[in-house]
Structures are given as C-alpha cells and as structure tokens.
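Colleague: Starting from the known structure of chain A, fit chain B onto it as the hints suggest.
If you read the sequences in order, they're chains A and B. Under our numbering, think of the first position of the first sequence as 1, with each following residue one higher. Under our numbering, think of the first position of the second sequence as 1, with each following residue one higher.
Any given hint could turn out to be false.
Said to hold, decoys possible - Heads up, simulated SDA-like pairs for lysine to any residue below, C-alpha to C-alpha not over 20 Å straight-line: (1) B:K314 with A:Q124; (2) B:K314 with A:R59; (3) B:K121 with B:R188.
These are calculated hints, taken from the structure and not from any lab test. For clarity, every value in this text was computed on a predicted model and none was experimentally measured.
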Amino acid sequence: MTTVLEARGIGMTFRNGDEQTQVLQDVDLTLDPGELAALTGASGSGKSTLLSIVGLLLRPTAGTLTIAGERVEALSDAQRDLFRNQRLGFIFQFHHLLPDFTATENVAFPAAAPTGGISPAMRQRARDLLGRVGLGDRMDFPATRLSGGQKQRVAIARALMNHPDLVLADEPTGSLDRVAAGQVLDLMAEMNREDGTTFLICTHDEQVAARCARRISLKDGQVEAGAGGGLAGPMRRRAGPVPPGRQ
Amino acid sequence: MFALTVARRYLFSNPAQTALLIAGVALGVTAFVFITALIKGLAVRLTDDVTASSAHVSLEPMTRVARVLSGPDAKPQAVALVSTFQRRQIRAWRSTEALLRSQPTVSAVSPQISGSAFLVKGEAIAPVAVTALDPLDLDAITPISTQIVRGSSGLGADGILIGVRLAESLGLSAGQPVLFRTDRGIDRLLTVRGVFRTGMQTLDERVAYISIQTARPLFRLPEGVTNIEVKLTDPNDARTFATFLHEATGLRATSWQEKNASLEGGLTAQAQTGTLIQTFSLISVLIGIASALSLSANRRSGEIGIMRAFGVSKTFIATVFVLQGLLIGMIGAGIGCLSGFGLCVWLATLTKPDGSMALPIAPAEGGYVAVFLLTTLGAVLASVIPARSAARLDPLQAIQQ
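Here chain A stands alone, though its shape is the one from the complex:
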C-alpha cells in the first residue's frame, strides 16, 4: 500500500542575514491512507512550518518529501501550484472565504479557477459537499452572511472539493467557540471515517489532538513521539467517490 505522505530527514533553517535559525531537524513522518493524525507541539516547536512544508507552501532546506507516491520537493513553482490544487486540501484557522461569492461558489472555486469556470458537475459536487457539512440550506448564501462555524464548514467542504489525497488543517478550530469547534471536529472525523480522507491536523489544543487516531509531537524541531489513540481510528479504505486516475 502506498503511503499518502512520506517525509524523510526534513530540515528547515531560516536565514536572516548572518543569523540562522534551525526550525526543523531530521524529521521523519509517514501517513497512511485514511489516517486522522494530530501534529502537536508547543508554540515554536515547528509544527506550522512542517505543515507548510508538507503543504508545499515552503521548500525544506533538507530531506525528501513524497506525497501520494510522487516526489515533490524538487517540483517547480507552477508544478507545486498544480499539485496543491489537485492533491492537497487546506483548512486554516481563518477560513478566508471569498466574501463576494456564495457558499457554493467558494467550495467550487479550487476546481473552477484552473478550468475557467464552474461547470454544472462542479456546482453539483459543491452542493453535495455543502449538504454533507450541514449547510444544505445555506448553499446560495453569500459568505458574508454565514456564521464563523458555518464559514469553517464551508472551508472544510472547499478543502475536499478536488478529492485530495491529504487534507492539512492548521488550527482549524482556533477561531471558533467550543460548540462550533466540536461540530467542525465531528465533521472532519466523519469525512475521515466515511470517505477515508487522510487528515493531518496541526493543533496545540489537547482536546482536538485527543480526537485524532494518532498524535505526532514535535519538540524543538524534532519528532518526539509517533503513536496515539482516540475516538476515530485510522481508516484503511476509501468510502467516498474516488476521482479517475487516483486509484
């Protein structure tokens, strides 16, 4: 079975003039399909940097990175854009929905932008996803008229629009109240369980980490431990629709 993510010897050093700051050092990380993993660590431990490297938003200064069987650390910027668009999903602490678009249009955006428009199939897929995240009655609402929790649920649907191999979430509940945060976590767990979507959730919230099947802890830029339990165990199957060419 191909791993979704295989990072080997990842290192990251930031340079500011003569000053060098090593944020990550020799990090090894593997995620299997269908895993729901938490990436935890104290502030400054390097977890956001590691997530950005895995999300191809940063280039590591050392190591190799393989996502869904493809070596990605040497891809060009344009290739990385395409890879992110087609193989990865993102959920950030701040949803950053496009305020001038409806919920459906926001969800369909990642598929529409590279192809030139929202096709009927894309619109239907976006509506299905919105239905699944409990926003069936808000599909045509402008993003500005949604509550914080609803916006984050739209962001989850948007992350899933292109059938990603891996969804990366950076403090996805950080800006939500306890109730909304619980709903968002339930939703990600449900997507993981039912569709077999692999999630890597970066969090400093113990309750969020506890909901994940596996915990990866970072300390001083190195992986401290790699095991864990939780409510949602790792799924080894894909229950949802799989786009052509991804099997």
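Modeller: Positioned in the frame of chain A, the structure of chain B alone reads:
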C-alpha cells in the same frame, strides 16, 4: 472566463469605491476630450479664417537674384547685375491656368495683376495694394461679393471696389469718382462701385479691386499677369501641391502655410501644449487606477493567499487584477467620452453677443477613439504593478496576516 467573473465581483463588491474610481477616470477622459476638441476647434477656426479669404497656393515669377560671378577672369567680389529692363510677369499664364484647371484638387484659379497705386481725392491721398482680376472670378479667392456693405460688386470697365476704412479715410462712397494713380505714373478716373468690409483691418484699409482689363494699360502689362492665385479642395494639400506646381511650371509657388509661418508655429505650439495637458490628465488617471488596485490587492491579501494555497496560479491572480484595470479603463473611458462629447456640444451652443461661438470648440474632434484606446491600454498597464504584487504574495504570509 472565471478570472473575469472574479474581477467583476471584486469591482462591484464595493460599488461606491468603484463608482468613485470610474468617475475619476471619466473626469480625466472628459478633460482630455475637452482639450482636444478646443485645440482642434481653435486650429480649424484660425486655419479657416486664413484659408477662406486667401489663396492656398500663389504662383509668381521666380525672384531675380544677383549672381556672384566665378571663373579665372572674375574678381572675387564680382556680381552680375540683375536686368531690370523686363517686367516680372507670367507670360504663359494661359497654359498655366489650363494646367491648373485640369487638376482635380484645384477648386478655383484666378490670374491677377497685382501692383501698387494711390487713390487721390482732392487733397487726400492713400496708397493701395491693387488686385486686378477677371470680374467673373471676383469671389474665386476672397468672397468679396458677400462682404459689400455699400454699392455692388459689379466692377465694369472703370469700376473699383475699396475697403470700408479706405473709403472712410478718403470720404468716398459708392458711385463717387476717384483718381487712380499707378506706380507706373499713369492716372485714370475710376468710379467706386462698391465698398466692402472683411473685418481684417489690412484688407479694409489698403486693398482695392479692379478689372484685369482696366489694369493692363494702367500697369503697362498688355499680355502677362503678375501672379496666379489658386484654391484647393483641401487646404492641407497646399504644401505638396506647391512643390508639384513649382516643378511643373518653373514658377515660384508659395503655399498658404509658408506665407503664414507664424500662424503654423502658433498652432504647433498650441498642439504641443495640448498634448502635454492630455498626457498629464492621462497619467493622473493611470496613477489613480494603479493606487486603487494596489489598495485592493493589499486589502484582499488573505483571500489571495488562500487562493494561492489551494493552487490557483499566479497567472490567474494577476489576470484578475489586470481585468479589473481593463474594466475600469473601458467603463471610465466610455463614460468620459460621452460626458466629454456632451460638454463640448453644450459649449458649442454658447454664443457671444455678435452671434459667434463663445469657444471655438469642435465636438466631433474630441479624439474619442484615441482617448478610449489610450485610457483602456493605460489602465491595463497601470494594473500590471498591483497584479504582479498580488500574484507574488507569499501565500503563507498572506494567510497568517
């Protein structure tokens, strides 16, 4: 095109701000149109004033030039004397006239005898520049008939037409006799047939018209003419046509532009000033667009960052901003052209107490196509800087802001 959809949504997400931006562009374009129409109108009026009442090309014999002698026997300062035994005249004027009348660009031809004379009335005496022509061609070059204020334009065998200021200075009126004394020392009693007012002081004070047949004995020119005046269907062709005529006839051909070099210089300076004003108004418009789009890119950095994070290309982001510039430019230029045209049409209706236009504006000459294309193209170029900065946003930094 999805980028166009995004650009349109961005533009109209804040209608008041977009309306202000478009209004700024429209105002700049209106100023451009007004300046263009005013300068063109002024140029047309000045040119019309000159070309409507004077010849477009004048043909005369070549000037006599004293020739410096050279050769082994000649002294260094030796100069050949110019012969003055023969009158300067165009002897073969009939063939030249035939040539001119065969040209499709020629609208009127007037062979003339021009000379100097004095009008004597009692003790009063006034110098006049005499234009002798075929009475049938009286209006061919200068529309004198329409400017007669007393008497008539019929010259007859002993008639003379004089300007109103000359008539006043000599106390003459239509029907009165006046002694005509040429620079050849010949006197003849002529009758003032008509008095004209052109509005140009020089003409009204110093010019007199007589029949060419009357002039021949008075100026001792039984056959030839001193000059041939030509009008063209398009006065702007005068320079080229003058060159052609000189080569074809060997005569000196002078275009109206050459005769009025100071006018042409003034028009050129005026056009250059206009271009400068137009350029500055366009630049201010473009700076407005660039700064507004830069602010928009900055305000939307979070959205742009998330778009870049989920793989939307830099080209797509840049295209969104360039399309916003294009839309602002097109809409602003369109509205500006319409409002500029409206303003010019309204100004053209304003008149002075004498009934003439208050401003010599030419609404049809507003340079609408040029300003529309320039503004649209400029708006696209102005949007390139914010488009590039938006496309280059680091998604990670933008999201974390």
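Colleague: Decide, hint by hint, whether the structure agrees.
Modeller: Here is how each hint holds up against the structure:
| no. | hint | result |
| --- | --- | --- |
| 1 | B:K314 with A:Q124 | violated (27 Å) |
| 2 | B:K314 with A:R59 | holds (18 Å) |
| 3 | B:K121 with B:R188 | holds (12 Å) |
The structure does not agree with numbered hint 1 stated previously, though it agrees with all others.
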